[in-house]
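Engineer: Work out the full structure, taking the sequences as your base and the hints as a guide.
Listed here are the chains, written in short residue letters.
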Amino acid sequence: MNEDDEAPLDPAESLRVIERERSATARRIIPDPRLLLWPWGIAWLVGFTVYFLRFGPGGRVIVDMPEWLPLVLLLVLIFIAGTITGFVGGRAARQVSGPTSRQGRMYGWTWGLAFSGMITVLSRISELLPTAQATLLWTGTMTALTGALHMAGGAIWNDRTMFRLGAWLSVVNVVGVVLGPGWHALVVAVAGGGGMLVAGLISWLRLTHVGDGERARP
Amino acid sequence: MTDDAVPELDPVIHAQARLRVVSSLSTLREGDSIAFPRLQDILRMTPGNLSVHLRKLEDAGYVEVVKTHQGRTPATLVSLTRRGRLAFEDYTTAVRALLNGGAGTEQS
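Protein chains in written order, with the numbering used here: chain Z, 1 to 218; chain H, 219 to 326.
These are computed hints drawn from the structure, not numbers from a lab.
All C-beta atoms, glycine included, are put in the ideal place defined by N, C-alpha and C.
Fair warning: there could be bad hints in the mix.
Claimed, not checked - Only pairs whose alpha carbons sit at most 25 Å apart, straight line, appear in this in silico SDA-like list of lysine to any residue:
| no. | chain 1 | residue 1 | chain 2 | residue 2 |
| --- | --- | --- | --- | --- |
| 1 | H | Lys285 | H | Ala235 |
| 2 | H | Lys274 | H | Leu261 |
| 3 | H | Lys274 | Z | Arg22 |
| 4 | H | Lys285 | Z | Arg94 |
| 5 | H | Lys285 | Z | Gly98 |
| 6 | H | Lys285 | Z | Gly104 |
| 7 | H | Lys274 | Z | Glu19 |
| 8 | H | Lys274 | Z | Arg20 |
| 9 | H | Lys285 | Z | Ala93 |
| 10 | H | Lys285 | Z | Arg105 |
| 11 | H | Lys285 | Z | Ile30 |
| 12 | H | Lys285 | Z | Arg28 |
| 13 | H | Lys285 | Z | Ser101 |
| 14 | H | Lys274 | Z | Gln95 |
| 15 | H | Lys274 | Z | Val17 |
| 16 | H | Lys285 | H | Gly266 |
Said to hold, decoys possible - Derived CB-CB ranges, DEER-like:
| no. | chain 1 | residue 1 | chain 2 | residue 2 | range |
| --- | --- | --- | --- | --- | --- |
| 17 | Z | Ile156 | H | Pro229 | 35 to 45 Å |
| 18 | Z | Thr120 | H | Asp308 | 49 to 59 Å |
| 19 | H | Glu226 | Z | Arg16 | 16 to 26 Å |
| 20 | Z | Trp157 | H | Pro255 | 24 to 34 Å |
| 21 | H | Gln288 | Z | Ile125 | 36 to 46 Å |
| 22 | Z | Trp109 | H | Thr264 | 35 to 45 Å |
| 23 | H | Val270 | Z | Asp32 | 28 to 38 Å |
| 24 | Z | Asp10 | H | Asp308 | 17 to 27 Å |
Stated by the list, open to error - Going by beta-carbon spacing under 8 Å, a handful of chain H positions derived as facing chain Z:
| no. | residue |
| --- | --- |
| 25 | Ser242 |
| 26 | Thr245 |
| 27 | Ile252 |
Structural biologist: Below is the structure:
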């Protein structure tokens with residue numbers, strides 16, 4: 001008979017094996033929340049800060065740069081973040097099949113289609129507006145949609161951190177819009193991008209905490 | 219050890235290697251399955267060894283092994299059946315009972 005067929009020594013040993021394997025498996029099949037949230041946090045923090053520096057409150061130019069640069073930079077950062085998220089999500093879906101990966105795919109499509117719809121509508125309207133108002137329309141709507149999708153994601157996966165992040169983004173967005181053009185970019189950069197970085201850290205700490213039993217192994 | 223107080227441990231699960239396999243599979247949500255190479259990688263078992271134990275678990279009706287295609291590449295997907303999930307829960311409960319209730323009767 002196989003050597004591995006040996007029964008565990010005692011009940012305590014059995015429980016240790018169960019806990020060790022469960023936490024080890026969970027950490028391997030659940031995507032790292034840092035990879036899902038930090039690229040977006042950095043994209044928002046850097047992208048919207050540059051926006052603020054070029055299109056400051058009252059139309060002030062804090063740092064002189066071409067008018068097209070902030071938008072291009074933001075789009076590039078968002079593209080990079082989207083690629084990383086898509087790669088991480090796709091890898092998780094290849095390992096585990098069934099309802100969980102189907103849910104993930106549906107959620108991914110939701111983001112893609114919702115944003116396509118938003119971009120289509122806004123690009124028809126924003127050309128009629130002055131730059132400051134057009135910018136506020138884009139960034140305000142984008143943040144509102146992002147907040148709502150995170151809250152929905154929290155509801156789908158019963159994930160409090162994700163839900164709180166969505167609620168935080170929604171509230172911060174309203175505050176920024178009320179403060180007006182210029183300030184909105186700064187608020188969204190610091191509170192929004194920062195919120196994503198914090199949420200990624202919290203989710204990751206939760207995940208590694210689950211794996212504490214594993215690290216006890218010699 | 220008093221036989222009446224000691225719950226019986228499922229011999230299919232109560233073996234180091236198969237307990238590891240079932241514990242790992244129990245983290246998947248019901249209806250989800252994991253690719254064979256991935257499971258093998260997580261458990262650090264050889265393909266042959268893992269296959270042997272999966273066969274035994276399959277024979278007991280605890281595990282389902284499905285050969286399918288993901289795109290063009292053949293894939294083997296492993297999942298815990300409802301029966302397997304119940305057996306694992308029963309096993310965990312029995313082990314806990316042994317640990318708590320049987321603590322006085324066993325040497326510690």
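Engineer: For every hint, state whether the structure bears it out.
Structural biologist: Here's how the hints hold up against the structure:
no., hint, verdict
1, H:Lys285 - H:Ala235, "holds (22 Å)"
2, H:Lys274 - H:Leu261, "holds (17 Å)"
3, H:Lys274 - Z:Arg22, "holds (21 Å)"
4, H:Lys285 - Z:Arg94, "holds (15 Å)"
5, H:Lys285 - Z:Gly98, "holds (14 Å)"
6, H:Lys285 - Z:Gly104, "holds (23 Å)"
7, H:Lys274 - Z:Glu19, "holds (22 Å)"
8, H:Lys274 - Z:Arg20, "holds (22 Å)"
9, H:Lys285 - Z:Ala93, "holds (17 Å)"
10, H:Lys285 - Z:Arg105, "holds (22 Å)"
11, H:Lys285 - Z:Ile30, "holds (24 Å)"
12, H:Lys285 - Z:Arg28, "holds (22 Å)"
13, H:Lys285 - Z:Ser101, "holds (18 Å)"
14, H:Lys274 - Z:Gln95, "holds (23 Å)"
15, H:Lys274 - Z:Val17, "holds (19 Å)"
16, H:Lys285 - H:Gly266, "holds (16 Å)"
17, Z:Ile156 - H:Pro229: 35 to 45 Å, "holds (40 Å)"
18, Z:Thr120 - H:Asp308: 49 to 59 Å, "holds (55 Å)"
19, H:Glu226 - Z:Arg16: 16 to 26 Å, "holds (21 Å)"
20, Z:Trp157 - H:Pro255: 24 to 34 Å, "holds (26 Å)"
21, H:Gln288 - Z:Ile125: 36 to 46 Å, "holds (43 Å)"
22, Z:Trp109 - H:Thr264: 35 to 45 Å, "holds (39 Å)"
23, H:Val270 - Z:Asp32: 28 to 38 Å, "holds (32 Å)"
24, Z:Asp10 - H:Asp308: 17 to 27 Å, "holds (18 Å)"
25, Ser242, "holds (4 Å)"
26, Thr245, "holds (5 Å)"
27, Ile252, "holds (5 Å)"
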